[in-house]
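*Asks:* The UniProt record's numbering numbers the first residue of the sequence shown as 1 and each following residue consecutively.
I should point out that these hints are in silico values taken from the structure, not numbers from a laboratory. Take the hints with a grain of salt, since some may be wrong.
[Claimed, not checked] Straight-line alpha carbon distances no greater than 25 Å define the calculated PhoX-like cross-link-like pairs of lysine-lysine that follow: (1) 739 <-> 753; (2) 782 <-> 739; (3) 364 <-> 198; (4) 739 <-> 659.
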Amino acid sequence: MSDIGISLQNPRITEHPIDTTVPRHEPATLNCKAEGIPQPTIQWYKDGAPLKILQGSHRIALPAGGLFFLKVVNSRRESDAGVYWCEARNENGIARSRNATLQVAVLREEFRLEPQHTRAAQGETVLLECGPPKGIPEPTLSWRKNGQKLEVESSKRIRIVDGGNLAIQDVRQTDEGQYQCVAKNLVGVRESATAFLKVHVKPFLVRGPHDQIVVEGASVTFQCRVGGDPMPDVLWRRSASGGNMPLDRVHILEDRSLRLENVILDDEGEYSCEADNAVGAISATGTLTVHAPPHLSIRPVPQVVEAPHDVSFECKSEGRPKPTTFWSVEGNRTLIFPGTSFDRFETTYTPESLTVLTLSQTAKSDNGLVVVCSAVNSVGSISVRARLMVASQDDRPPPIIILGPTNQTLPAKSTVSLVCNAVGNPNPFISWYLDGNPVVPSERINVTENGTLLLRELEKSTDQGLYTCVASSRSGKSTWSAYLRVESPTNPNVNFYRAPEPSEFPSAPGKPQIVNINNSSITISWLPSIKSGASDINGYLIEVFSSDMANGWTTVPHRISSTSYNYSPVSPNVSYIFIVRAENNQGLGIPSLMSDPVTIGREFNHGEDINLSEAQATLSSGQVVNLLEANATDATSVRLVWEIVNGQYVEGFYIYSRKINSNGTYRTLTVLHGGGASACTINGLEKYTEYEFFLVPFFKTIQGRPSNSRSTCTLEDVPTAPPINLEAVLLNTSAVYLKWDPPSNHTINGKLKHYHIIIRGYDVHNISKVLTNMTVDGDAPKLLLANLSAGVTYSVSIAASTNVGIGPYSIPSILRLDPHTRRLDHGYTRYPINHDYSHDILTQTWFIILLGSIIAIIVFLFGAIIIFRRIQFMKHSSLNNMHGNHAIGTVRKFPTLPLNPNGVWIDPGGGVWRQATDITKEVITDYAQVSAAPTLPLPDYERLSPLNMPDYAEVAGCSSFKNDLGQSDPCYDNYGAYASTTLVGRSVQLFAKNQFDGKNVYSAPTLATATAAPGGCHYNNFINQQHQQRHQQQLHAQYGLHGPQQMHAQIQSQPHQQQIGVHDKRERDANGRPVGGGGGSMKSQKMNIIENRMADMLNNLNQCTSTGPAASYSSGGGMGSSYGGSTVSNLNSGSHCSLLPAGQPMAASSTQAMDAMNGLSGSVPNSNGGGGSSSVPHTPLFGTIKRTTNQILHHAMYIFEVGEC
């Protein structure tokens, strides 16, 4: 049995069938192998049911256990497709294999969606759709182009989407072709129908029309070369606002361009080229601008006017662009633009667009004047001349004064004769003037027929002055002046001088002859004078008269030593007449004869008139020079290039430049043509400013027709000034709205693009840090600052920028939000926003120097006052100065008194220290004897002496001199020297002993009680070690005390030799006690102590302990009143030995102190606290002596405390 069990084995599948996909009618095998003992049998299952394998079936069971299909059947009646598994079975059990699916592959013939023929425009996205046939498994798709597989993976533009559609992005003409969709699986391959993709090209411009500027009468061509597939059609249109197409002058060229012949001004407008084909359309527009050279619709005409009437010339110009019209005077380079004036010429505009040139107050000199009206634009120029004829009744020169008055100095009461002989045609009229006022004939004054002025009985007050002789006629007037001086005949300092006789003057020179004449000067010569007169001839004086001079005869400003002279300048068409006078030491002689009139003009150029006439004709008609270019080279320079059309009579050019829309101001530059110059650079122009330039050719004095004009704008530059008028508007508690104005136009120097803002913050050390740097558009000069912190100082700096760069930043403007009001703090800084820094006086150097000087003077005076007060105070520190009432806050100084064995004390009547020999303490009113016990001998170091008695200073004004209820007390009307006595209550530590510079230093601990107020007086206790030792030795020697108990006993038995006096001026009751000893706080109470002894203090304490209650509390409660940061306890109010002013109850701390004294004989200290301490006054040192009870008893030493409140 065991052998059989070992041989049996459960069946186990060693090879499982796997999923298989087989095309229909193809063989297939499902494997299944098993092992076991005994060998298991294999049974197949399909879809959960045993599979029956019949004889002759297409299914065959293989010996190894597999299932073989001769051909897979897949039809509606029978299908081999399903889920198969096998089971291995033997006697021990059954083993089942894993499931295996047999799938019959199928691929239909028909495509669900086939691609279609497509037409697309270049650049578009094309989608060729394809729905593959159904199949098992799902077939895979691919595309073919022109029979070749399309590699989709290697292209970024072509990809398969949505399961089979072919997407082509940015389709191109190279994508054009036949496309086919291919589906493939195990069954086979299926191919869709072929679809043709046609890629068209939208119309595109090869060369389109562009804006053109042509001159009227010329031809223009607008090109329209387009491309596309198919070739687009082209159509030309004119914009509706421009009017109809001029069909009679329009031609379409072979390249589909538009040509317009014989352009007129009405042809100006927009012309559009439209091209379209099957996949799109395109259009382009070109603008035609027609320019016309200037022409004068109204020309200036010659004018004839009678002087002195005004005359006007009219001129109206037209053209495109609108021409610039200006006037000029022939022979003068000055241009007169409309709205400007020159000399007596003025130009104006009329509502009819007429330019009118007006010459006011015409004179004879204006005769023959030629005015020129010129108009220039970018196309050409035109000039028209008009002559002015001034009608005159008489062209004769004004009268000539043959002999005039001379300077004279005559005595008073004498007679003078002032000569004035004049000739002229008609005969002139002689009149005299004194200092500009007419001379009126009188008994003393007479004018002869020949013009001589006679004055008799000369008086300085009425006759002295400048006498002027005026010879006038219809042809003009002439003047001659001389000064008459009248002095006292007895004045020895005056040299009297009378006019010379006519024979003393030189004779007349010869008649001036015209030697040479040109366009700029006239040369004359003459014969010298025959007679020189009383002295030699010094020179000759020339007088000239011309028809354009309104002042008559004009004297050449300098003396001529020779007998010839070249007169210049001269004007054309003006006649000149000369006379010459000889001069010697006596004065001017009679004149020569007048020269022949000479007129400057073309008719007097002696052979050059023909050339000038031809030159003027050539330069005035036709285009002489053409300005080609005007290009800006930088922000202040423009380069001009011109072409000379006819340079026969061109010596050079006047280059005129003016700002567009200016008030007529211009600049002139002269360029000579001799070097063949055809270009020039104009410098010194304003930045980013549009200028107009034109040239005027000249030949000698003749100016030709201007060239055409060119306009250009200088280049941009960075702004030269920062923005201005920065303002801040508070929006809320943390946001501020900033706005400002741009820089002035002439400082921007370009097109304003942006504003650059720098925001800085300042820390407590006034160190700035850039918080942000922002840029805003130039059209919006504003900014919102948010999230500002109150109390923080900000600065704002703004700069403007152009295309070239950033200009200067503005002065930092300070911005601060007040932390309390949350508003702008305008008073925080010298430079708040909304402030004009340029007028801030605080920034001026002179103000800073002045302010520093004032401060220095104030500090000096303040120091001098302090020194002076100190000196005065030291001088008035005597005793008499401290008598009587003293104001609160004054310092009282007590001088050192001489030694007195009886001591010193305070006089309550006067508040001063007195010697004991003067008066006894018993007779002083309100003097309370503290104790009758004898006192200890005064140690040597405590006795008053000039050497050891220090000065005492009292600072009045402390609140301790007034009671808490605010009641005034006559006790405090007069203050004497005092020492503070403080009884320190409970919880007082013993004084610590330290070494300080070799001396024992006792520092008082801080006393803290329930009622102690903070911030009071703090005391430092200093003890002289030698004095302590000497004092202790005296005590031991006198009393033999060796312990605290014995010392206490001796002190109690020692009788008083001196008493401690308490000065108290308050009212008292019948028993002598002070009135008002209530329970108020005693912090405002102090006492004045004359002198003290330790024994007196101890006796007083003993009496207080024996006669008064143990403790008395004030009605206010508490352990005592707070004084100076420590607790002050008072003795019983009922005791006559109170160390503080009467009426104050003794606090518990005082009781503790007395209990501590009683405790020396063995009693236990009371339960309220440890040993107390008391302060006793020390008169000689005027300080306060504090004594700890236990230390006094054990060490018998004093503790001196110097305190300052």
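*Asks:* Evaluate each hint against the coordinates.
*Replies:* To see whether the hints hold, each was checked on the structure:
no. : hint        : verdict
1   : 739 <-> 753 : 16 Å, holds
2   : 782 <-> 739 : 4 Å, holds
3   : 364 <-> 198 : 92 Å, violated
4   : 739 <-> 659 : 32 Å, violated
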